[in-house]
Every structure is written in structure tokens, then in C-alpha cells.
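Number of protein chains: 2
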Amino acid sequence: MARINSRDTDLRERAQKVIPNGMYGHQSVARLPEGYPQFFSRGEGAYLWDVDGNRYLDFMCGYGPNLFGYANAQVDAAYFDRARRGDALTGPGEEMVQLAEAMVGLVSHADWAMFCKNGTDATTMALMTARSHTRKSTIVLAKGAYHGAAPWCTPVLNGVTPADRAGQIFCEYNDVESLEAAVREAGDDLAAIFASPIKHDVLVDQQSPTLAYAKRARELCDERGALLIVDDVRAGLRLARDSSWSLVGVEPDLSTWGKAIANGHPLSALLGSDKCRQAAGEIFVTGSYWFASAAMAASLATLTLVRETDYLERTIALGERLRKGLDEAAARHGFGLRQTGPAQLPLIMFEDDPDAAIGYRWNAALMARGVYFHPWHNMFMSAAMTLGDIDFALEAADEAFKAAKA
Amino acid sequence: MARINSRDTDLRERAQKVIPNGMYGHQSVARLPEGYPQFFSRGEGAYLWDVDGNRYLDFMCGYGPNLFGYANAQVDAAYFDRARRGDALTGPGEEMVQLAEAMVGLVSHADWAMFCKNGTDATTMALMTARSHTRKSTIVLAKGAYHGAAPWCTPVLNGVTPADRAGQIFCEYNDVESLEAAVREAGDDLAAIFASPIKHDVLVDQQSPTLAYAKRARELCDERGALLIVDDVRAGLRLARDSSWSLVGVEPDLSTWGKAIANGHPLSALLGSDKCRQAAGEIFVTGSYWFASAAMAASLATLTLVRETDYLERTIALGERLRKGLDEAAARHGFGLRQTGPAQLPLIMFEDDPDAAIGYRWNAALMARGVYFHPWHNMFMSAAMTLGDIDFALEAADEAFKAAKA
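Protein sequence lines correspond, in order, to chains S and R. Our numbering puts the last residue of the first sequence at 406; the count rises by one with no breaks. Our numbering puts the last residue of the second sequence at 406; the count rises by one with no breaks.
Simulated from the structure, these hints should not be mistaken for lab results. Note that CB positions come from ideal geometry on N, CA and C, so glycine has one too. Certain hints may be false.
[Claimed, not checked] Residues of chain R placed beyond 12 Å of chain S at every Cβ, according to the derived structure:
1) Glu177
2) Asp205
3) Arg241
4) Gly249
5) Thr304
6) Ala317
7) Arg323
8) Glu351
9) Asp352
10) Leu387
11) Leu394
[Said to hold, decoys possible] Partner residues aside, some chain R positions facing chain S, computed with beta carbon under 8 Å:
12) Arg85
13) Thr124
14) Asn158
15) Thr161
Given the sequences, and given the hints that come with them, work out the whole structure.
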């Protein structure tokens with residue numbers, strides 16, 4: 001059980017000298033239980049190897065990008081083939097047009113696409129497009145929702161000014177009255193309503209959108225001439241082969257995409273309807289690598305897998321099996337689990353665990369057994385996982401419940 | 001001379017349907033002379049091939065990333081080798097530490113590094129770090145300088161609110177008095193002075209920084225407790241094997257990097273001194289692909305080439321030969337050229353050409369002869385260029401001067 005972690009320890013010491021706090025952003029393990037490795041040497045399929053050679057069945061999937069497995073052969077062949085002919089050139093390749101066509105073909109509300117690199121790029125472009133379209137400034141967002149890490153949206157306020165947050169009104173997710181109140185407060189200045197496809201905030205139970213909430217958001221935007229933005233960066237392609245709100249029959253005007261769309265190659269996208277095409281064409285946004293072809297070739301290969309395989313049904317089935325098995329094991333050991341979110345984007349926390357101490361012990365014990373779970377961020381199922389992998393995770397979980405009691 | 005462009009035409013028509021305006025950002029050719037291809041199929045060394053198979057000697061270098069040639073064998077071997085073992089995982093690889101160490105080793109003022117994807121990410125992180133460090137908001141920037149395409153800095157104001165631009169005071173580059181006036185106007189709220197390493201604004205003559213300007217910026221920051229930020233995204237590694245202001249002996253507190261640092265693989269960086277390490281560690285910034293290892297492996301290979309080859313001296317020599325040859329050819333044909341900027345980052349415009357009509361004809365004629373010049377944006381020399389390439393460009397330029405007269 002005692003894993004070797006000498007290289008990880010050495011790298012953390014070196015990192016402390018040349019990286020603020022030794023690491024930053026969502027991949028810092030500073031807030032995770034002891035024993036979580038910081039540095040990895042390899043990923044293949046559903047598995048990760050840390051720099052000390054320990055192997056993990058990885059339920060974080062790179063925090064989203066791994067949908068079809070790390071180093072997926074089909075996706076990476078497309079990537080490498082294009083990269084060998086040059087990637088970031090002085091202009092885009094035909095892949096950019098093909099990919100825009102493919103995204104527009106896949107996503108019902110979309111008539112056009114723009115590509116970028118970060119999820120934050122896409123949400124910021126959505127914000128700018130809505131403000132350009134409406135000539136208004138105010139946006140309504142759900143409290144606690146994550147839409148990126150630029151000054152207007154990062155969850156930490158250091159280095160952020162009040163002006164960066166001007167024109168933002170918050171509501172409660174799935175609370176129609178609070179949504180209506182926020183829109184009323186915006187008065188005649190409403191540019192957009194931002195919506196997460198599901199409530200996938202950290203540290204709290206996940207929620208699927210109610211039909212009433214999604215429909216009311218659509219109606220309020222239509223009444224006010226504002227744009228409805230669904231931020232599908234994290235959940236896109238994991239809930240549907242379309243915008244995630246297609247599941248409740250509500251079409252946004254703009255949707256933002258990233259993470260899974262190129263199975264880990266750096267790419268994000270803003271999709272929009274004809275209504276706001278002109279506004280999108282009036283903003284000036286760009287980036288040094290936004291027109292590079294290899295990630296777009298990888299995305300085309302990813303979308304082929306999306307259209308032609310049963311990845312979605314399989315990740316749901318794998319997630320449901322995991323959920324059921326964990327509930328059974330928890331009950332055997334006298335624990336109650338709060339398993340929330342869609343099965344393929346599970347968040348697992350414990351009942352009666354206000355300071356998350358049980359959860360931290362359980363996750364640490366899973367980690368020690370080669371299973372990478374997260375105690376307070378939604379996890380991700382990979383289509384590269386097998387039923388055998390789920391059984392392996394469930395066996396480890398069973399042992400981990402014993403450890404969590406101690 | 002008549003190039004085939006049927007595939008480019010076809011792709012443009014398809015793009016009009018699925019991309020706003022058919023293209024966006026700095027790689028749209030909408031504002032370039034007729035005959036500029038929009039779509040490319042291949043890049044190798046100093047050359048590009050458009051989707052119709054026409055070849056160009058490319059003086060734009062992807063707007064900067066191509067420093068050692070497109071598809072550079074040494075850089076791409078490092079990239080592919082790492083990518084095959086998994087790229088965007090659930091945590092960074094050891095390459096992140098190695099690269100932070102390499103950047104800190106290369107750049108005199110730097111004690112730490114943070115990596116990101118866009119140049120705009122790095123400049124935005126610099127802004128946030130300065131505001132976090134000083135607990136103040138106001139920044140001084142040079143009028144017309146480009147620092148990215150987020151709402152706080154994009155050169156086009158559509159979709160941007162006045163609040164996005166709060167706390168910005170502008171001065172004239174290289175004008176010490178206007179810099180001092182801007183700092184006075186900031187009163188006791190100065191967080192940072194942003195500086196381009198050279199004045200490399202579009203459409204106007206380029207300028208190297210005067211020693212007086214650079215030194216005064218440093219002094220004013222020190223007097224006020226503000227941070228000096230040199231935005232080396234575009235020019236970094238092209239002027240010096242260090243921060244570009246090392247050439248005038250002035251050390252910034254923060255510097256931003258991108259484009260050339262991984263020779264075209266998507267990577268950017270913020271470097272800082274110990275003074276602002278704590279502030280950098282207090283902001284929350286992140287991105288889905290920021291911790292991916294392959295681009296960092298590519299950057300390590302690029303920095304090896306930076307340290308161990310004479311690329312810098314060669315690109316300067318190639319640029320000087322081009323500049324001299326163009327001046328001679330222009331004189332023979334009765335034109336006066338305004339060639340400004342460092343030889344390896346040349347901007348070429350015409351005297352007595354207020355509406356740029358001569359320049360557009362000349363650039364179009366060069367393009368028709370297989371030489372990709374830009375009429376109003378600084379260009380970039382690649383270390384993959386040879387003296388023979390420069391001769392080829394000069395021959396084409398000679399012919400193009402005749403065409404520009406007509």
C-alpha cells in the first residue's frame with residue numbers, strides 16, 4: 001500500500017522555487033487530501049501514471065478533456081498527421097471550416113462557430129457578443145457557477161477590481177423567482193443570462209436544470225431582447241450529442257465549448273445562432289494559436305467518435321454501475337453517500353460530514369489503492385473505462401470505507 | 001504568375017456560412033490586399049503552402065510563433081514524444097518544473113514562472129498580479145500598443161463596456177514627459193506601467209525604446225511601489241536571449257511571453273521577480289490545457305535551440321541583408337521606403353503613400369511571386385531562412401516595385 005513518491009516530493013520542492021506556491025489553478029493538489037500526487041508522467045486510456053510510476057484509474061479525466069481516453073489512437077493520429085504538416089501557420093487550414101461545419105451540424109441551435117483556446121476565451125467572447133448584440137451591459141449569472149478565470153469571472157477576488165465585476169446580478173440556480181428578480185433588477189440593461197448546463201459548482205450537491213428554470217430563462221431573454229448563453233465547457237458532449245439543454249428542449253443563443261471537444265488537445269469554441277452572428281462578427285477577439293490546425297483535426301476525429309460510437313450510453317451505464325455499487329458498499333459500511341449530478345459527471349460526498357473529514361479519509365484511501373477520485377469537484381467518466389475498471393474501483397472503495405471509519 | 005486559388009475560394013464561401021464574416025481575428029485577410037490566400041495546407045521551415053498548392057516564403061511566421069521553422073524536427077520530436085505519453089492529464093508533468101527552471105535561468109529578472117495558453121492570458125495575469133501586489137487599480141499604457149484581445153485590452157470597442165476600461169491612463173511611447181504626466185494622473189492609485197519591448201504598433205513606424213524612457217518607467221514604478229510589466233509576447237526571444245529590455249539594461253518586475261517560446265505549440269508564460277511572487281500566488285487563474293506537458297516539452301527544446309545556436313545573430317543578419325537589399329531596389333525604382341523596427345522584426349511601408357495604395361500594390365505583387373509580406377503589421381524573420389531565401393525575396397521585390405509603379 002505504501003507508494004513510492006520520492007520523485008513527486010523532489011519535483012514539489014523544485015517547483016516551490018520557480019512557481020508561485022509550487023503550483024496554481026485547478027490542478028494544484030494543495031486543497032486535496034494528503035497522498036495525491038502533483039506530477040504525472042503518462043496517461044493512457046482511463047489510466048494515469050505519476051512520476052514515481054504508480055498507476056491510477058482516473059475519474060477526473062484531466063478535469064474533463066479525457067472523453068475517449070488519454071492518447072486516444074484515432075484522435076491523436078489525426079492530430080499528429082496534421083501537426084507534421086505544420087500547425088500554427090500564418091493562416092488557418094481547411095480543418096477550421098470543416099470543424100465549424102461539423103459543430104454546426106451537431107448542435108441544433110448553432111449556425112456559426114468561432115474557435116479559441118481556453119474555456120474562459122469562449123465565455124468571454126459570449127459575454128462580448130451579448131453586449132455587442134444588445135448594446136447593453138448587465139448579465140445575470142447563478143451564484144457559485146464557474147464560468148472561467150478572467151477578472152470578470154474568476155472565483156477568487158485577489159487582483160480583481162470592482163469595475164471588473166460591474167453589471168453582474170446573481171440568482172440561485174433552478175430558482176425561477178430569484179431568476180425573475182435578477183432580471184427585474186437588470187431593468188432595461190439586460191445583455192444576457194448565463195447558465196451552466198447543470199449546476200456543477202464545487203463543494204455542493206449537483207443539480208440538473210428544471211424545465212421551469214430553463215424555459216423561464218429562455219422566455220425572459222426573449223422578452224428583453226437579451227441572449228441566453230449555456231456554458232457547456234465542462235459538460236459539453238458528456239450529456240448529449242447536442243447542446244446540454246437540448247435535454248430539456250431549450251435552445252440557447254450562444255453556447256461555449258471546450259475540454260472534451262478535441263479529447264484533450266487545446267481547443268475551445270463559441271457557437272451561436274444567426275440572431276447574433278452579426279454581433280459576433282463585430283467584436284475583436286484573437287489569439288496566437290487560435291487558428292492552428294492540429295487541434296481542429298483532433299476535434300474532427302473526436303466528433304466522428306461522438307457521432308459514430310455509443311460512448312454516451314456507455315459512460316452513462318458505467319456511471320450508473322459505479323453509483324449503484326458505491327451506494328451498496330456505503331450502506332454495508334454504515335455510511336450515507338450524497339451522489340449527485342448525472343451518472344457520467346458524478347459528485348460524491350458523505351452525509352453527516354460537514355467538514356469533509358470522512359470524505360477526505362475515503363478519497364485518500366482510494367488514492368492509496370490506485371483510484372483517483374475527487375472529494376469536492378464533479379468527476380468525469382471516460383469512454384475508455386470498462387466494466388472491469390468499475391469493479392476495480394468498487395473493490396477499492398469497499399476497502400476505503402473501512403479506512404474512512406478509522 | 002496567375003496562381004490557382006479555386007480551393008481557397010471554395011473554402012471562403014463555405015466559411016462565410018459557418019464563421020462570422022468568414023474569419024475573425026488577426027489571421028483574417030479581409031484587410032489585406034487582394035490575392036492573399038486565407039487557408040493553408042502546410043508549413044515547413046520558412047515556407048507555407050496554401051490549400052491550392054501555391055508556395056510562399058513566409059515573412060509573417062504565423063505572426064510570431066515560427067522562430068526555428070515550421071514543423072521544426074527537434075522541437076516537434078520533443079512534442080510528439082511527450083504527447084504520445086499523454087498531454088492534458090489530471091496534473092502537470094515534470095516538464096512544467098523543468099520549463100519554469102529553464103525560463104528563470106534564461107531571463108535575468110525572473111525568479112518564477114506561470115504558464116498559460118494565450119498571450120492575453122499572460123498580460124491579464126500580469127495585470128491581476130500588479131493589482132493584487134499593490135492593492136491599487138490604475139495602469140499606465142502606451143497609446144496604440146497591443147496587449148491582447150480581452151475586454152480590457154482589445155483594440156476594438158464593440159462588446160466592451162466603459163467599466164472594462166476603468167483605471168487606464170495612456171501615454172506616448174518613448175515620450176518621458178507624457179509618461180510622467182500619466183503617472184501623475186494616476187495619483188496614489190498606480191498599480192503598473194505596461195510597456196511593449198519596442199513600439200510595434202500596427203500601421204505606424206516602429207521604435208526601439210529610448211534608454212531615458214525605459215529608465216524613467218523603472219524609476220516611476222519604484223517611486224510609487226508599482227510594478228513594471230514588459231509585454232514580450234510578440235518580441236520575446238527575437239531581440240535577446242533574455243527580457244527584451246535587457247538590451248537597455250532595465251529589468252521589469254513582470255514579463256509576458258508567448259508565440260516563439262514553444263516554436264508554435266500553444267504556450268504562453270508570465271515571469272516575475274521575487275518581489276511579486278506572493279501576489280502572483282494569490283490570484284486564481286487557470287485553464288483546461290494550461291498544465292498539458294507536450295507544449296512544455298516543445299518549449300524546452302526551443303529554449304535549447306535558443307541557448308545553443310546562433311539563431312539570433314542569424315535572424316539579425318538575414319534581416320539586415322533584406323533591409324539593405326530592399327532599400328537599394330526601392331532607390332533604383334524611385335521609391336522611398338520606411339523600414340523600421342529591429343531588422344529581425346521589420347515593418348516596411350512607403351514614403352508618400354498616405355492611403356497605403358503603393359504598399360498594397362507592392363505587397364500584392366510580392367504575394368503573386370510567392371513572397372508573403374505584410375503591408376502594415378511588423379513581420380518576423382525565421383531562423384529557418386537562408387541567404388538564398390533573402391535573395392529570392394529581393395528578386396521578387398525588384399519585380400514588385402515595377403508592378404507598384406503601374
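Here is what the structure says about each hint:
The claim that glutamate 177/R is not at the interface with chain S holds, since no C-beta of that chain comes within 12 Å of its own (minimum 28 Å). Listed as outside the interface, aspartate 205/R is consistent with that label: its C-beta sits roughly 23 Å from the nearest C-beta of chain S, beyond the 12 Å cut-off. The Cβ of arginine 241/R lies farther than 12 Å from every Cβ of chain S, with a closest approach of about 18 Å, so its non-interface assignment holds. Listed as outside the interface, glycine 249/R is consistent with that label: its C-beta sits roughly 24 Å from the nearest C-beta of chain S, beyond the 12 Å cut-off.
Residue-level check passed: threonine 304/R sits 18 Å from the nearest beta carbon of chain S, beyond 12 Å. At roughly 23 Å from the closest C-beta of chain S, the C-beta of alanine 317/R stays outside 12 Å, upholding its exclusion from the interface. Non-interface status of arginine 323/R relative to chain S is upheld: no Cβ of that chain comes within 12 Å, the nearest being about 21 Å off. With a least beta-carbon separation of about 27 Å from chain S, glutamate 351/R lies farther than 12 Å from that chain, consistent with its non-interface assignment.
With a minimum CB-CB distance of about 29 Å to chain S, aspartate 352/R clears the 12 Å threshold, and the non-interface call stands. The claim that leucine 387/R is not at the interface with chain S holds, since no C-beta of that chain comes within 12 Å of its own (minimum 22 Å). At roughly 20 Å, the least C-beta separation between leucine 394/R and chain S is larger than 12 Å, which holds for a residue marked as non-interface. Satisfaction of the interface hint for arginine 85/R is found here, the shortest Cβ-Cβ separation to chain S being roughly 4 Å, below the 8 Å cut-off.
With a cut of 8 Å, the hint placing threonine 124/R at the interface with chain S holds, because the nearest CB-to-CB distance is about 6 Å. Hint status for asparagine 158/R: holds, given a least beta-carbon distance of 4 Å to chain S, under 8 Å. Interface hint status for threonine 161/R: upheld, as the beta-carbon distance to the closest one in chain S is roughly 5 Å, under 8 Å.
In the structure shown, no violation is registered for any of the earlier numbered hints.
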